[in-house]
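A.B. asks: Protein chains in written order, with our numbering: chain A, 1 to 201; chain B, 202 to 325.
In short, the hints are calculated from the structure, not lab data.
Ideal Cβ positions, reconstructed from N, Cα and C, are used throughout, including at glycine.
Any given hint might turn out to be false.
[Stated by the list, open to error] Partial selection, computed: residues in chain B whose CB lies under 8 Å from chain A: (1) LEU218; (2) LEU222; (3) ILE224; (4) TYR226; (5) PHE255; (6) PHE261; (7) GLY267; (8) SER280.
Chain residues, written in single-letter form:
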Amino acid sequence: MQAPATTIDEVHVHPGGPNIVRFGMFTFLASEAMLFAGLICGYMVLRGGAGYGWQMPEALKNAETMIKTIVATLCLISSSFTLHFAEARLIQRRKGGVRLLLFTIVLGSLFLTNQALEWINLHNEGFWFNTTGIMGSCFFVLTGFHGMHVFIGVLLLIATLFKSLGGKIGPQRHGFLECTGLYWHFVDIVWVFLFTILYIL
Amino acid sequence: MRAKTFKSTRMLRLVSLTSVLLINYLPSVLACEGCKEPSSVAGGSGVGGISASFSWSVVFMLGVLGFLLTGMLFMIIQSCKQLAAAQNPSGETMPEPSGRGVRFPVHRARVTGWRGAKLSPEIS
Chain A
1 MQAPATTIDE VHVHPGGPNI VRFGMFTFLA SEAMLFAGLI CGYMVLRGGA
51 GYGWQMPEAL KNAETMIKTI VATLCLISSS FTLHFAEARL IQRRKGGVRL
101 LLFTIVLGSL FLTNQALEWI NLHNEGFWFN TTGIMGSCFF VLTGFHGMHV
151 FIGVLLLIAT LFKSLGGKIG PQRHGFLECT GLYWHFVDIV WVFLFTILYI
201 L
Chain B
202 MRAKTFKSTR MLRLVSLTSV LLINYLPSVL ACEGCKEPSS VAGGSGVGGI
252 SASFSWSVVF MLGVLGFLLT GMLFMIIQSC KQLAAAQNPS GETMPEPSGR
302 GVRFPVHRAR VTGWRGAKLS PEIS
């Protein structure tokens, strides 16, 4: 006889006991954090070695790009807050949860759009992986990895939206939503680090 | 089972095709020849700069590791507390081998889950 299959949401509901799904998600995020830490360390070593030879391209230094990136950063940070409130509302089946989730998706998409435009702009100015030395390689690898994570996060948020519209998220079934939320907050925190080292320092 | 195998074969085919397409763009994302430039820079930065930044990167990596391990430890402790509370809902004293009673730090079972959502109707 075959045991009944359990889903991520069913495993999560274990009254009073430890939350295994959340623990698994934290372990995954820890490995992701080490991946980004490795990339940041590589960047630190290369940048420290280059010293004054480290030249930021004009396309990244100008005020317009900086303002756009700051706005995109604010979008990403505020999307964490909107998701936080959306989670609380969706779990308790209160009004406005879906709207807030949708707003989070829009904010995440805005960030991605800005990054794509920035990449296109840099490419048009001749700044690419293999044209501007280590600076170019580091910049595109770091922002590219992060952008890929944001993209996956947006896809997960869309999946969560469909789940909530189908009534599959509630007080007893919210493992997927919680994991998506953790992932999104992680991506957000990583960007704060990347923004600081790539654009400010 | 058969449908599952078919699905995974189809997925594998799709991934292979995408990879072949992406390989075309590979030369454009390869690192340039000048990527060893930091070691050739002399003066305040150069090799000295590399060693200093290498040290800082090790400190940073250790910091991240410490942060993660602390977080994990905190989570394990919290999970143990929850489990203990679930096994001892009334907060009864647990007899120790020595005869002294030990009271759990959390006396009530958490009948509510994340942000007040009820986990199980039969507990409440």
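A.B. asks: For the hint on PHE255 of chain B, does the least C-beta distance to chain A fall short of 8 Å?
C.D. replies: Check passed: Cβ of PHE255 of chain B comes within 5 Å of chain A, closer than 8 Å.
A.B. asks: Does the interface hint hold: is LEU218 of chain B within less than 8 Å of chain A, judged Cβ to Cβ?
C.D. replies: violated (20 Å)
A.B. asks: Under 8 Å, Cβ to Cβ, is where TYR226 of chain B needs to be relative to chain A, so tell me if that hint holds or is violated.
C.D. replies: violated (10 Å)
A.B. asks: With chain A as the partner, please determine if PHE261 of chain B meets the hint condition of a C-beta pair closer than 8 Å.
C.D. replies: Nearest chain A Cβ about 6 Å off; hint holds.
A.B. asks: Given LEU222 of chain B was flagged as interface, is its beta-carbon under 8 Å from a beta-carbon of chain A?
C.D. replies: Violated, about 17 Å.
A.B. asks: Measuring from the C-beta of SER280 of chain B to each C-beta in chain A, is the shortest one below 8 Å?
C.D. replies: holds (3 Å)
A.B. asks: With a cut-off of 8 Å, does the beta carbon of GLY267 of chain B approach a beta carbon of chain A closely enough for the hint to hold?
C.D. replies: violated (11 Å)
A.B. asks: With 8 Å as the cut and Cβ atoms as the points, is ILE224 of chain B at the interface with chain A?
C.D. replies: For ILE224 of chain B, the interface hint is violated, since the closest Cβ of chain A sits about 15 Å away, which is over 8 Å.
Hint compliance for this structure: hints 1, 2, 3, 4 and 7 are not met, and every other hint is.
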